[in-house]
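Participant: Residues per chain are reported as follows:
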Amino acid sequence: MARNPRASRGDNGDDMNTEWSDHEIEMLLRGRGSASGDLARLRPVIEALRARTQGQPDTASVAAMASVLAEAVRHPSSDGIRKRSGASRPAAAWRRRAGYAAVAAILASFGIAGTAAAADGAAPGDLLYGIDRALEKVGIGNGGSHERLQEAEVLVERGEVDDALHLAADALREQGDTASTALEDAAAILESNGSENSAEVHARVAEMLRWMSTADPKSADFGQQVSAYAHQIGDKASDPDVSADPNAPGNSGNAGKPDNPGNSGSAGKPDNPGNSDNAGKPEKDKTTPSHPSGGPPADG
Amino acid sequence: MTLGDAFAAVLAAARAGEEWAWAEIYRDLAGPVTGYLASRGAGEPEDLASETFLQVARGLGSFEGDEGDFRSWVFVIAHRRMQDARRAAKRRPQPAGGEADEVLAGLRSSLDVEGEVLGGVADERLLTALDGLSDLQRDVLALRVVGDLSVADTAAVLGKTPGAVKVLQHRALRALKEILDGT
Chain A
1 MARNPRASRG DNGDDMNTEW SDHEIEMLLR GRGSASGDLA RLRPVIEALR
51 ARTQGQPDTA SVAAMASVLA EAVRHPSSDG IRKRSGASRP AAAWRRRAGY
101 AAVAAILASF GIAGTAAAAD GAAPGDLLYG IDRALEKVGI GNGGSHERLQ
151 EAEVLVERGE VDDALHLAAD ALREQGDTAS TALEDAAAIL ESNGSENSAE
201 VHARVAEMLR WMSTADPKSA DFGQQVSAYA HQIGDKASDP DVSADPNAPG
251 NSGNAGKPDN PGNSGSAGKP DNPGNSDNAG KPEKDKTTPS HPSGGPPADG
Chain B
1 MTLGDAFAAV LAAARAGEEW AWAEIYRDLA GPVTGYLASR GAGEPEDLAS
51 ETFLQVARGL GSFEGDEGDF RSWVFVIAHR RMQDARRAAK RRPQPAGGEA
101 DEVLAGLRSS LDVEGEVLGG VADERLLTAL DGLSDLQRDV LALRVVGDLS
151 VADTAAVLGK TPGAVKVLQH RALRALKEIL DGT
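Chains as they are written, first to last, in the working numbering: chain A, 1 to 300; chain B, 1 to 183.
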């Protein structure tokens with residue numbers, strides 16, 4: 001390390017044309033000794049860079065993370081903190097940064113079990129959400145598809161409908177339902193719209209989530225109905241004439257209702273004309289609401 | 001900064017799922033790992049650091065080596081997590097409309113965090129100077145200075161030879177000097 005390569009060459013043959021020795025560079029980068037000449041000039045820059053090293057985390061944060069990591073070792077099958085795209089947005093990031101001390105305080109005060117209970121209500125983007133998911137994945141806290149759907153409803157209220165659909169897809173995937181693919185497809189369409197998704201799309205996603213949270217996921221047509229909702233949401237999101245203007249012809253006052261002029265009594269159902277999946281269902285299921293508001297679509 | 005002689009015992013206890021051992025590891029490495037991710041412009045360095053440590057915990061059963069190897073391995077994971085996050089960010093559609101403000105606010109926030117650390121006019125020059133380096137040069141300096149890795153460990157993280165890392169760090173310093181000379 002202390003050789004003097006004032007005219008050395010790197011392993012890749014590049015001419016290093018060094019005016020500095022390896023030792024001098026090492027001392028500079030390690031922050032040791034005193035540099036001279038040009039290297040002395042660089043020292044403030046390197047020290048400013050070194051200042052980016054984060055300080056040691058506080059005791060409560062260390063204890064909390066240690067608990068999670070130890071659990072992860074004891075339960076290696078868990079798949080870790082899953083980040084949602086909503087939680088990855090910069091605004092959410094700084095909210096978390098600002099609140100790490102608060103999380104640490106909660107962990108210090110209530111321990112891992114208490115924090116799990118507190119974090120259960122967190123949604124993506126919330127301070128406690130990462131911890132909530134981490135704890136769930138190592139077997140602490142409620143978790144499960146029901147909690148995912150509750151979190152998704154919170155996201156819809158915030159206007160983060162694409163993330164809500166991703167989360168709903170997670171919920172279905174956890175219970176092995178292939179309709180998750182349709183939800184992911186719809187989420188992709190919503191994502192491609194950026195912030196341009198209409199109030200009607202928001203309402204339809206909320207309606208679907210409400211229905212999902214009350215419907216029996218084991219029923220024979222649960223997946224079909226979810227897919228129908230997903231396709232309808234995707235259609236509305238991808239058709240700006242329908243989705244961008246709630247006052248558009250044929251779209252007046254239909255927020256939250258299926259976009260089907262001939263089906264005005266089917267509020268809360270996905271608009272899925274000609275859906276062969278419904279073949280054989282009682283006719284009333286196709287034309288009358290089976291639930292007063294946001295009820296299950298064609299769920300006999 | 002390092003666990004030293006205690007490393008073997010800490011590692012064995014960490015493998016057994018002992019919280020105290022993970023506390024030692026996390027206390028030792030959380031700062032450098034998060035600092036490395038932040039210095040390389042990772043959007044959410046704390047999140048990525050948490051994911052890194054979770055991956056470390058899950059993969060510890062397959063790890064073999066001494067403390068230097070361990071440190072290098074942790075940074076390999078952090079580096080790959082960061083690259084994955086960047087690729088994912090590129091795949092995401094650019095936000096439109098109101099979300100642009102959110103993004104700008106996030107960037108501003110990120111700069112503010114760095115500003116708190118760097119502070120002062122002289123450190124503003126550092127930001128400019130680092131922008132003039134290549135990605136690899138910045139990786140090398142961040143791993144060496146912020147991550148406190150050796151040349152060999154830095155080479156392992158970046159998949160380079162130690163000689164190539166020396167070339168990169170030398171060129172980075174020379175570039176920094178030229179940038180400073182020009183200011």
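Fair warning: there could be bad hints in the mix.
Said to hold, decoys possible - Residues from chain B that keep clear of chain A, each with C-beta distances beyond 10 Å, as calculated:
1) Y26
2) R27
3) E64
4) G65
Stated by the list, open to error - Facing chain B, from chain A, some residues (calculated, C-beta under 8 Å):
5) M27
6) L49
7) R50
8) V154
9) I189
As the list claims (entries may be wrong) - Stretch by stretch, here's where chain B covers chain A in the computed footprint (C-beta under 8 Å, at least three residues):
10) 37-43
11) 67-75
It is worth saying that the hints were derived from the structure and are not from the lab. Computed from a prediction, not measured in an experiment: that's the story for all the values here. Note that the Cβ used here is the ideal one computed from N, Cα and C, for glycine as well.
Participant: Decide, hint by hint, whether the structure agrees.
Facilitator: Tested hints:
1. Against chain A, the non-interface label of Y26/B is violated: not every CB pair exceeds 10 Å, the least being about 5 Å.
2. The Cβ of R27/B does not lie farther than 10 Å from every Cβ of chain A; its closest approach is about 5 Å, which violates its non-interface assignment.
3. No Cβ of chain A approaches the Cβ of E64/B within 10 Å, the least distance being about 16 Å, so the stated non-interface status holds.
4. Against the 10 Å criterion, G65/B stays outside the reach of chain A, whose nearest CB is about 18 Å from its own CB.
5. With its C-beta approaching chain B no nearer than about 12 Å, M27/A sits outside the 8 Å limit, and its interface hint is violated.
6. Interface restraint check: L49/A against chain B, minimum CB-CB distance 5 Å, threshold 8 Å, status holds.
7. Against a cut-off of 8 Å between C-beta atoms, the interface hint on R50/A holds, since the closest Cβ of chain B lies about 5 Å away.
8. With 8 Å as the threshold, the beta carbon of V154/A stays out of range of chain B, its nearest partner Cβ sitting at about 18 Å, so the hint is violated.
9. Given the 8 Å rule on beta carbons, the hint for I189/A is violated: about 11 Å separates it from the nearest Cβ of chain B.
10. For the segment 37-43 of chain A, the proposed coverage by chain B is satisfied: 4 residues have a C-beta within less than 8 Å of a C-beta in that chain, meeting the threshold of three.
11. Requiring three or more residues with a Cβ within less than 8 Å of a Cβ of chain B, the coverage given for the segment 67-75 of chain A holds, as 8 such residues are present.
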